[in-house]
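Visitor: Based on these hints, arrange chains B and C on the given structure of chain A.
Residue numbers (my numbering), protein chains in the order written: chain A, -14 to 329; chain B, -14 to 329; chain C, -14 to 329.
Take the hints with a grain of salt, since some may be wrong.
What the hints assert, rightly or not - Over 10 Å on every C-beta distance to chain A, these chain B residues come out as not near it, computed from the model: (1) Ala64; (2) Gln71; (3) Glu156; (4) Val159; (5) Thr247.
Unchecked claim - Listed next, the in silico DSBU-like pairs over lysine-lysine satisfying Cα-Cα at most 30 Å (straight line): (6) C:Lys(-11) <-> A:Lys301; (7) B:Lys320 <-> B:Lys178; (8) B:Lys79 <-> C:Lys299; (9) A:Lys231 <-> A:Lys195; (10) B:Lys(-11) <-> C:Lys301.
Since the hints were derived computationally from the structure, they do not count as laboratory data. Beta carbons are placed, not taken as given, at the ideal position from N, Cα and C, and that holds for glycine.
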Amino acid sequence: MFMKNCWYVAAWSHELIDDALVGRTLLNEKVLLYRGNDGKVCAMEDRCCHRGARLSMGRLEGNCVRCMYHGLLFDSSGACVEIPGQESVPPNLKVRNYPIVDTGHLVWIWMGEPTLVDESKIPDFPYLKDPAWHGRPDYLHYDANYQLIADNLADINHIAYVHTNTLGGSERYVVEQTASPLEKLDDGFRLTKWHMNSDLPPFVKKIEKKMGKVDRWNTVEMKVPAYFFLESGFSPAGTGIEKGNKEGSLEFHNFQAMTPETDRTTHFFWVYMHNQKKDVELYSHSLHDSILEGFHEDKAIIEAQQEVLDADPKFKLRAIASDAPLSHLRWLVDKRIKEESTQA
Amino acid sequence: MFMKNCWYVAAWSHELIDDALVGRTLLNEKVLLYRGNDGKVCAMEDRCCHRGARLSMGRLEGNCVRCMYHGLLFDSSGACVEIPGQESVPPNLKVRNYPIVDTGHLVWIWMGEPTLVDESKIPDFPYLKDPAWHGRPDYLHYDANYQLIADNLADINHIAYVHTNTLGGSERYVVEQTASPLEKLDDGFRLTKWHMNSDLPPFVKKIEKKMGKVDRWNTVEMKVPAYFFLESGFSPAGTGIEKGNKEGSLEFHNFQAMTPETDRTTHFFWVYMHNQKKDVELYSHSLHDSILEGFHEDKAIIEAQQEVLDADPKFKLRAIASDAPLSHLRWLVDKRIKEESTQA
Amino acid sequence: MFMKNCWYVAAWSHELIDDALVGRTLLNEKVLLYRGNDGKVCAMEDRCCHRGARLSMGRLEGNCVRCMYHGLLFDSSGACVEIPGQESVPPNLKVRNYPIVDTGHLVWIWMGEPTLVDESKIPDFPYLKDPAWHGRPDYLHYDANYQLIADNLADINHIAYVHTNTLGGSERYVVEQTASPLEKLDDGFRLTKWHMNSDLPPFVKKIEKKMGKVDRWNTVEMKVPAYFFLESGFSPAGTGIEKGNKEGSLEFHNFQAMTPETDRTTHFFWVYMHNQKKDVELYSHSLHDSILEGFHEDKAIIEAQQEVLDADPKFKLRAIASDAPLSHLRWLVDKRIKEESTQA
Chain A
-14 MFMKNCWYVA
-4 AWSHELIDDA
6 LVGRTLLNEK
16 VLLYRGNDGK
26 VCAMEDRCCH
36 RGARLSMGRL
46 EGNCVRCMYH
56 GLLFDSSGAC
66 VEIPGQESVP
76 PNLKVRNYPI
86 VDTGHLVWIW
96 MGEPTLVDES
106 KIPDFPYLKD
116 PAWHGRPDYL
126 HYDANYQLIA
136 DNLADINHIA
146 YVHTNTLGGS
156 ERYVVEQTAS
166 PLEKLDDGFR
176 LTKWHMNSDL
186 PPFVKKIEKK
196 MGKVDRWNTV
206 EMKVPAYFFL
216 ESGFSPAGTG
226 IEKGNKEGSL
236 EFHNFQAMTP
246 ETDRTTHFFW
256 VYMHNQKKDV
266 ELYSHSLHDS
276 ILEGFHEDKA
286 IIEAQQEVLD
296 ADPKFKLRAI
306 ASDAPLSHLR
316 WLVDKRIKEE
326 STQA
Chain B
-14 MFMKNCWYVA
-4 AWSHELIDDA
6 LVGRTLLNEK
16 VLLYRGNDGK
26 VCAMEDRCCH
36 RGARLSMGRL
46 EGNCVRCMYH
56 GLLFDSSGAC
66 VEIPGQESVP
76 PNLKVRNYPI
86 VDTGHLVWIW
96 MGEPTLVDES
106 KIPDFPYLKD
116 PAWHGRPDYL
126 HYDANYQLIA
136 DNLADINHIA
146 YVHTNTLGGS
156 ERYVVEQTAS
166 PLEKLDDGFR
176 LTKWHMNSDL
186 PPFVKKIEKK
196 MGKVDRWNTV
206 EMKVPAYFFL
216 ESGFSPAGTG
226 IEKGNKEGSL
236 EFHNFQAMTP
246 ETDRTTHFFW
256 VYMHNQKKDV
266 ELYSHSLHDS
276 ILEGFHEDKA
286 IIEAQQEVLD
296 ADPKFKLRAI
306 ASDAPLSHLR
316 WLVDKRIKEE
326 STQA
Chain C
-14 MFMKNCWYVA
-4 AWSHELIDDA
6 LVGRTLLNEK
16 VLLYRGNDGK
26 VCAMEDRCCH
36 RGARLSMGRL
46 EGNCVRCMYH
56 GLLFDSSGAC
66 VEIPGQESVP
76 PNLKVRNYPI
86 VDTGHLVWIW
96 MGEPTLVDES
106 KIPDFPYLKD
116 PAWHGRPDYL
126 HYDANYQLIA
136 DNLADINHIA
146 YVHTNTLGGS
156 ERYVVEQTAS
166 PLEKLDDGFR
176 LTKWHMNSDL
186 PPFVKKIEKK
196 MGKVDRWNTV
206 EMKVPAYFFL
216 ESGFSPAGTG
226 IEKGNKEGSL
236 EFHNFQAMTP
246 ETDRTTHFFW
256 VYMHNQKKDV
266 ELYSHSLHDS
276 ILEGFHEDKA
286 IIEAQQEVLD
296 ADPKFKLRAI
306 ASDAPLSHLR
316 WLVDKRIKEE
326 STQA
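Here chain A stands alone, though its shape is the one from the complex (with noise of 0.2 Å):
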């Protein structure tokens, strides 16, 4: 069970080019995703109604696509327009359209009730559009539901054990943290945590060698179904950064997009940003690394948490004080889902 009426990343502006036919299942459904000839990205289901072929292993013809079984041809609404050796197409002969919006370098895609689509809510990630802000836009395919990957990111306890070496840098963040209140919000939560006179962690430490003891600070939004926005930012310790004075400070802005693919396989989208003004290629390259380095370490974590989950589904999670902000958003989606079902 998942949402369905909100916007998923189906992929990067930049996958869907060079008359590229991307299949790819999204929600359990196998979607085709391409831009035509027109400029226009397109979604339809990826399965040609006829006999069930692929329409991604099709070929693109300006803005339609033709099955290369026995070449029925598909305009962007997903109505078949041609039957070679036919002389009639019958109009129930269409394959289901998506909607789609291609903006800030993401194509999303609204999966659920076509009459409810509404674009004022795709969630909005700035930097990508502003050009003082860098990073490599990335994707990790996971075999685990989207919803352990959404846990881990809404405790962001967790990069003092699972991330101490790469981004986390001290099992003492935890304890030495100071946090704000939980901002609950009705599609999400926001939360700031604080890590006062503490040592820059080795992903920073690596491309900034100069930086003594910093004042830390980590500001989590997250959105249902699953967004995860951070900012994150370092200030040489003591210069009164809570008060607001950012000067001397690094700052990073973090994106990650889960899209569930099946139950238990996920989609991954991410981005790291910075503002660097020199040396700007090597910083991004050094971040993005950084980064796929800790995600790799999520990554064995939470899909052997999905084994173990898999294997006993009586077992009942217990929940610690942390737990409140993933509480939040898991009884978001639940209360989603429930209303969507009431409402069909």
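Guide: Same frame as chain A, now just chains B and C:
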């Protein structure tokens, strides 16, 4: 659910040499195939009745096979005739034996009711026995239900799109062809398609450099459950092939037999034959490789189609005009399966 | 369904060194095994009670183990004793602990009702503790139910056909042997088979060049659920071994313990021991390799047998005379399982 009271190809005759004990799953049953020292091919359950060890991991002894777990010896009827260390053999110690006919380079097996065995029902492909015809028998394994492969063959139009650059030659094939009326048979169908004044397809161009425009014909005959016989020919354009003048024409005979391994995997036996008098081996070799290349194009589409169908059992296929032969063949198979279940 | 109120081998003692956290599935349960700094072996659920992360991906700290997802610390009883960043630990935060006995180079685990634990029921194989006996403990993983492996061992006749050229030596073993009456025990059976005036089997010939004809004996003892003890000996033929004269004879002691991993996979712990005084290492090495070669012969047959049985749950095995020990052992295991379910 498979048709049972009919003959399936179990193996090429040449597979059963050198005391080979071939274990092969046919219609979900594990079958042992071997040629005894008397030259006769036997088929029996590939499962010792004692502890379920595979007899194909055993040893041929004359016309018998010995289980190499505890040494039980079975004769070619499947009866246990020796238990080492035990004086008498209880009569219920036997494995199932299957009727076999070894003819025309093929080993045919009857998986159904033994009392209904009728050798006259073995499909005949005379070219395999005719010294004027040459070809290289071969085998492919398919991760797809046998009927999806038969469907593919039942609509020869697919050569236009799947095999444009190999066996087909032109997407115009579909629209320029003229077809005979579909001849519905009690156990299959027959159909001829003409493509007049067309170009030689790539697979023939490779070996026939001098021919220009041709009149091309394909006569397809299919039989239940899944036999495919194709007469394929190319005549210099305009020389009257449609009136029966075969002078100067090239002719090929193609046989394909699909035997279900399981519900979603298939044994695919095939041979593509020519009657050239010069460069016989060169011709055979070239044709074999070209056809195999084409079969891999089919395989990619059909195995993806199987995955699509597996993913959504509720998906309804929608017929187009050229599905008529396919529909007739499937209807016949369903009818036979129903008749068999009524009889039983 | 497994016997639970009994001891299973969980590991060789030497696997639990160097702070190893061994995650191993036993009877379908994920178990963490480790040796604390106090030298004691602990076993607990390999699943953090918080979010289900694997504790075997954690870190040993003294006698405790820390989950490296969010840092929860568990003592050797399985109780959570620290949640980083949280002041108190709720008493229900604990994971299941399993009774363990570390004796005779083996780690024994009790997967059943803890109040019924009885150390006196641990099967004894004294040769592992006796400095006069030498061998190389080893492990095999089986893709087969543990009882199929036990069945194989219960009928020693299989050495004639499965191991003709390795451990057996002659197919005549079955017909020339004389056997003691089957001694049925409350928890297993005992049986001796003699093969007088026989040739040394290949695995002994490799290391004993000078022996001629031998009188060979195999004394098998098996215990529920699946322990195998074998005394194997070779005496110069005709020197009276059957009357107890062991002069000039070679003797081996073999222990095999099968622990179910899942319903269709098994942990197989084994050691084959000799009491030579010269070339001890050479002997151990040679025996280990010979026996392992034989075990791979078993494994090929048994894993294929498992596939055969999986494919057709309705298949009925048919007993022969030499199945009597096997039948007794299976009957005992079934009886115990029934008793356990009545008690519970």
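Visitor: Hint by hint, note whether the structure agrees.
Guide: Quick rundown of the hints versus the structure:
Remark: the non-interface label on Ala64 of chain B is consistent with the geometry, its nearest Cβ contact in chain A lying 46 Å away (cut-off 10 Å). Taking the minimum C-beta to C-beta distance to chain A, about 44 Å, the non-interface status of Gln71 of chain B holds against the 10 Å cut. A beta-carbon of chain A is positioned within 10 Å of the beta-carbon of Glu156 of chain B; the least distance is around 7 Å. The Cβ of Val159 of chain B does not lie farther than 10 Å from every Cβ of chain A; its closest approach is about 4 Å, which violates its non-interface assignment.
Residue-level check passed: Thr247 of chain B sits 20 Å from the nearest beta carbon of chain A, beyond 10 Å. With a CA separation close to 23 Å, the supplied pair Lys(-11) of chain C and Lys301 of chain A stays within the 30 Å bound. For the proposed pair Lys320 of chain B and Lys178 of chain B, the alpha carbon gap of about 27 Å is at most 30 Å, so the pair holds. A threshold of 30 Å between alpha carbons decides the hint, and for Lys79 of chain B with Lys299 of chain C the separation of about 16 Å falls inside it, so the pair holds.
Distance hint between Lys231 of chain A and Lys195 of chain A is fulfilled; the C-alpha atoms sit about 17 Å from each other, no more than 30 Å. Note on Lys(-11) of chain B and Lys301 of chain C: the hinted pairing holds, with a Cα-Cα distance of about 23 Å set against a maximum of 30 Å.
The structure fails to meet hints 3, 4 from the earlier list, while all remaining hints are met.
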